[in-house]
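A.B. asks: Given next are the chains, with one letter for each unit.
Number of protein chains: 2
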Amino acid sequence: MEFVTGIKEKETINIADIISGERYGSTVKLNGAVHTIRDMSEFAFVVLRKSEGLVQCVFEDGRLADFNIKSLREESTVEVEGIVHKEDRAPNGFEILLTKIIVLSEPAKETTMPIPISKWKLNTSLETKLALRPVSLRNIRERAIFKIQEGLVRGFRDFLFAQNFTEVRTPKIVAGNAEGGANVFKLEYFGKKAFLAQSPQFYKQTMVGIYDRVFEVAPVFRAEKHNTTRHLNEYTSMDFEMGYIESFEEIMEMEQAMLLYTFELLKREYEKELKILNIELPDITKIPAVRFDEAKRLVSEKYNRKIKNPYDLEPEEEVLIGKYFEEEYGSDFVFVTHYPSKKRPFYAMDDPKDPKYTLSFDLLFKGMEITTGGQRIHQYDEQVDKMVVRGMDPEDFTNYLMIHKHGMPPHGGLGIGLERLTMRLLNESNVRETTLFPRDVSKLEP
Amino acid sequence: MEFVTGIKEKETINIADIISGERYGSTVKLNGAVHTIRDMSEFAFVVLRKSEGLVQCVFEDGRLADFNIKSLREESTVEVEGIVHKEDRAPNGFEILLTKIIVLSEPAKETTMPIPISKWKLNTSLETKLALRPVSLRNIRERAIFKIQEGLVRGFRDFLFAQNFTEVRTPKIVAGNAEGGANVFKLEYFGKKAFLAQSPQFYKQTMVGIYDRVFEVAPVFRAEKHNTTRHLNEYTSMDFEMGYIESFEEIMEMEQAMLLYTFELLKREYEKELKILNIELPDITKIPAVRFDEAKRLVSEKYNRKIKNPYDLEPEEEVLIGKYFEEEYGSDFVFVTHYPSKKRPFYAMDDPKDPKYTLSFDLLFKGMEITTGGQRIHQYDEQVDKMVVRGMDPEDFTNYLMIHKHGMPPHGGLGIGLERLTMRLLNESNVRETTLFPRDVSKLEP
Chain U
861 MEFVTGIKEK
871 ETINIADIIS
881 GERYGSTVKL
891 NGAVHTIRDM
901 SEFAFVVLRK
911 SEGLVQCVFE
921 DGRLADFNIK
931 SLREESTVEV
941 EGIVHKEDRA
951 PNGFEILLTK
961 IIVLSEPAKE
971 TTMPIPISKW
981 KLNTSLETKL
991 ALRPVSLRNI
1001 RERAIFKIQE
1011 GLVRGFRDFL
1021 FAQNFTEVRT
1031 PKIVAGNAEG
1041 GANVFKLEYF
1051 GKKAFLAQSP
1061 QFYKQTMVGI
1071 YDRVFEVAPV
1081 FRAEKHNTTR
1091 HLNEYTSMDF
1101 EMGYIESFEE
1111 IMEMEQAMLL
1121 YTFELLKREY
1131 EKELKILNIE
1141 LPDITKIPAV
1151 RFDEAKRLVS
1161 EKYNRKIKNP
1171 YDLEPEEEVL
1181 IGKYFEEEYG
1191 SDFVFVTHYP
1201 SKKRPFYAMD
1211 DPKDPKYTLS
1221 FDLLFKGMEI
1231 TTGGQRIHQY
1241 DEQVDKMVVR
1251 GMDPEDFTNY
1261 LMIHKHGMPP
1271 HGGLGIGLER
1281 LTMRLLNESN
1291 VRETTLFPRD
1301 VSKLEP
Chain C
861 MEFVTGIKEK
871 ETINIADIIS
881 GERYGSTVKL
891 NGAVHTIRDM
901 SEFAFVVLRK
911 SEGLVQCVFE
921 DGRLADFNIK
931 SLREESTVEV
941 EGIVHKEDRA
951 PNGFEILLTK
961 IIVLSEPAKE
971 TTMPIPISKW
981 KLNTSLETKL
991 ALRPVSLRNI
1001 RERAIFKIQE
1011 GLVRGFRDFL
1021 FAQNFTEVRT
1031 PKIVAGNAEG
1041 GANVFKLEYF
1051 GKKAFLAQSP
1061 QFYKQTMVGI
1071 YDRVFEVAPV
1081 FRAEKHNTTR
1091 HLNEYTSMDF
1101 EMGYIESFEE
1111 IMEMEQAMLL
1121 YTFELLKREY
1131 EKELKILNIE
1141 LPDITKIPAV
1151 RFDEAKRLVS
1161 EKYNRKIKNP
1171 YDLEPEEEVL
1181 IGKYFEEEYG
1191 SDFVFVTHYP
1201 SKKRPFYAMD
1211 DPKDPKYTLS
1221 FDLLFKGMEI
1231 TTGGQRIHQY
1241 DEQVDKMVVR
1251 GMDPEDFTNY
1261 LMIHKHGMPP
1271 HGGLGIGLER
1281 LTMRLLNESN
1291 VRETTLFPRD
1301 VSKLEP
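Order-wise, the sequence lines are chains U and C. Just so you know, the working numbering puts 1133 at position 273 of the first sequence, and the rest follows in order with no gaps. Just so you know, the working numbering puts 1023 at position 163 of the second sequence, and the rest follows in order with no gaps.
Hints in this document: simulated from the structure, not taken from any laboratory. Don't take every hint at face value.
The list cannot tell twin chains apart, which means a pair is met if one copy fits it or any two copies do.
Think about it this way: if two alpha-carbon atoms lie no more than 25 Å apart in a straight line, the pair counts; the simulated DSS-like pairs of lysine-lysine are [to be verified]:
| id | residue 1 | residue 2 |
| --- | --- | --- |
| 1 | K960 | K946 |
| 2 | K870 | K930 |
| 3 | K930 | K960 |
| 4 | K1226 | K1146 |
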C-alpha cells in the first residue's frame, strides 16, 4: 500500500530563496511563465513571470546545444536551470545565465496575446481589459491590485480574531431580505420563491446572541439596475456585529482600529505591491466624526450650496464632505453619524434624544461611502412597533424576531464594501478596476 | 470636532482575564446572558453565558439591597459586579459573589424559551433544533460545533498562506457552469439567464495563470432534488488550485499536510470545544492511497460483494472502502485515485497510461467523500478535443478556453466540503447538524 505523508521538497526554488543572496554563483532550478523574450541575436533575455515577481534569464547562443530560442514562445511555461548572477538592473537584483530549458506547456498554435500584458501599464479601455480578464490579470500591475485586496481581508480577519470575534458563514439563499426594496435577485427554489441575500444582516445579528462578537467576509447580491462607476451587482461585504456595546461609537472605534491594523499589515507584508501600484497609505490614526445634519450645514456654508433635502445625502454632497474634511482636517476619512431614521432600515435604533435620527453612521473614504453601520434595536416590543409604524407585518419576520423575543444584548455592527475600499485606496475611478470578475447589468462574463 | 482614535478599554472583563488567577479576592465587572437561575431560597446561582464559556455567580439575599432576584429572567443580558472566589466545582474553577446587577436587556414579556438550551444535550429532534436555530445555537454544545468549523477554515487558510497561495474571491452569479448536469439554480438576471456557481472551478484555474497557487473559501450552490443526510443545496467549499505540479499526487500531499496542520491548530486553540464535544482527532500522519479499481476489488473480496458497475462507486461501497482501510491500516482517511474518465468532468486530465481513467482522486473520511480533486487539462487542443468527444461545443466556453489558448502551467486542485468534513470529525450522522443554517429542498428558513 502507498501512503501520502506530506509535501516533498521541490527542486525548483522561489525568488525569495534566491534574494536571500547565498545562491549567487551557484546553479538553481526554477519554473515560471515566459513573460517576454527579447532576442539580441548573440543572446536573448527571457523574463519569467512567477507569483512573486519577474526573473530575468539570459540565453546565450550555443550554451544550450539542443535548444533553439526561436522555438520558445511567450506565455509558455518552463522549468529552467542556470547560474545566478548579481545584476542590479534586473528585477530583484539578479539574473540567471541559462544552462537548461524544459518547456512544460505552450499556448495554442498560432495564437498571440490579444493584449500586451507584459507592458507596465495596459493602455486599453476598461471594457477590453474586463473582456480579457483571464489574461489581462497576468499583467504585473493588474494582479498587484488583488494582492492588496487579499491584504485588506487578512487585516480585517486577523484584527477581529484578536478582538475575540468568531467567524461565521451564513446562507446566501434566503426566504426574505433585510434591506428591502426592489434590488433583490429572485430565484426559483423547488417551486418556492427565494432570494439572494442582500446582506447577512439578520444572520449576523442572530449570531451575536450566540458568540457575542461575529464577523463574515462573503458575497452579497444587489439587483441594482443602474450602471454606475461605484455599483456592482455582486460584491464582497466584510461584516462584523458586536454585542454588549454601550454606545454605537464603539463600532466606529472598532473599525478605525481595524483599518489602522490593516494598513500596518499592508506596509509590512505587501510592500512590493504598494510600490508597484504607487500607493501611499492614508493616515488613519484619527478619523473625524460629524453628525449628518452638521455635515450638510458645513458643506452648504463652505461651498455655497443650497440644502435641497435635509434627510438625504446626494453623492455630490458626499464628495464635498470628503473634500471639506480633507481641506480642514487633512483626513481622507470621515464618519458621518446620526442618519435620518427614514433613510435607515427598520432594524436601526433611533436616537432616544431625537428619534428623527438614528444611532448610525457611514464611513466616507475620499468622498465615497465605504461602510454603513450602527446600533440595532434589541428589544422585542421596540422592534415590532417600528415594523408596524412602517407598515410591515411582523408575522413575515417570525424567524428574525425570535432573537429579540428570547433576549438579545445591546448590539450593532457594520458592513464594508471590499471592492470600494480597494478602489479608494488605489485612487481608481471605477469599482470594476478593483473587482476580479465584475458583475453588472450588462456583464455576466467572464 | 470629535475624533475616533481607537478602542477604549472596557471596564468589563473576560473569563480569560479571571482565570489567569490574579483576580481572586478582588471585585470584577463582567457582562453576559443569564443562562440559568437556580433559586435556593437563601441564595441563588446565576450562571452567565459568555462567548468563552459559563460563569457561575452567587446571589445572596440581602447583599444587593435594591435587587429582587425574582425579577431576573433567563436570557436577559446583564452587567454584574462581584468578588471572584476560587471554586473548583464551578465552570473554569471560579465563582463570583455578586454585589451589583444591571439588567441590559430582557426577553419579550411573558415568553419562555421554546427549547431548554441550558441543558447539556438538547434532547430534541433535528427538525425542532433547526426550526429554532436562532436560539438552539445558544446551547453550549451546539455552538461549540461551529467554533470547530471556524478552526477548520483557519487551518486551511493559514496553511495555504504559508505555502505561498493567494486568496481569491470569484463570482457566484455565472453565465455557465463547470460541473454541468441538472443540479444548477437558475436566476433571472436583467433579462438574461444566469446561474449560481456550482463550484469556482473555471475561475480558480484561471487564477493559477495569475498567481500560480490560489485558494478560496466560499459558498457553492447545488440544486440537488434529493434530500439525503449528506447533501445540502448550499454549502461551503474550500478550494485550492496549484500550478507547476509534476504529478497529481502533489495535490494529495498538499491536502494531507494541510489537514495535519489544521488538526494541530484545533488541538492548540480549540481544546475547550474538542472537550465539550468529546472529539478525538484522528491520526493523519499518513493516508493510504489506493486506485479506484483496486479499491473496488479489495472491498469486493473482503466483504464478499459483487461488483455491479466497474465505473462507479456506490455510497455503500464508499462506506466499505472506509471500513476496509480502518480495519486493515487503522486509518480513518483513504485517498481513492484514478477515477474512471466517464465519471469525471470534461476538464479532468486522463491518465496517459490508460485514458479510461483520470489523474484524479477523492478523499474519503470514515467512509464518506469529503474531497474531490485532480489534475486538469492545461493544453488547448487536448481540452477542445475532449469537449468535442463529449458532444460539447467549445464555442460555449470561449472565456474559459482563453486560459488554455494563452498558456497554462500543468495544474490541479481540489474542493473540500466544509460541512461534511465537520460532520465526519464530529461523528454526526446528518450534515445539517454541522451547518449553521442548512438549505435543502424543504428548508429555506431560518
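A.B. asks: The structure should be examined with respect to each hint, and the outcome stated for every one.
C.D. replies: Going down the list of hints, with the structure as the test:
1. K960 x K946: within (19 Å within a copy, 70 Å between copies)
2. K870 x K930: Neither, since 29 Å and 69 Å both go past 25 Å.
3. K930 x K960: Classified as within; 15 Å inside a copy, 84 Å across copies.
4. K1226 x K1146: within (15 Å within a copy, 53 Å between copies)
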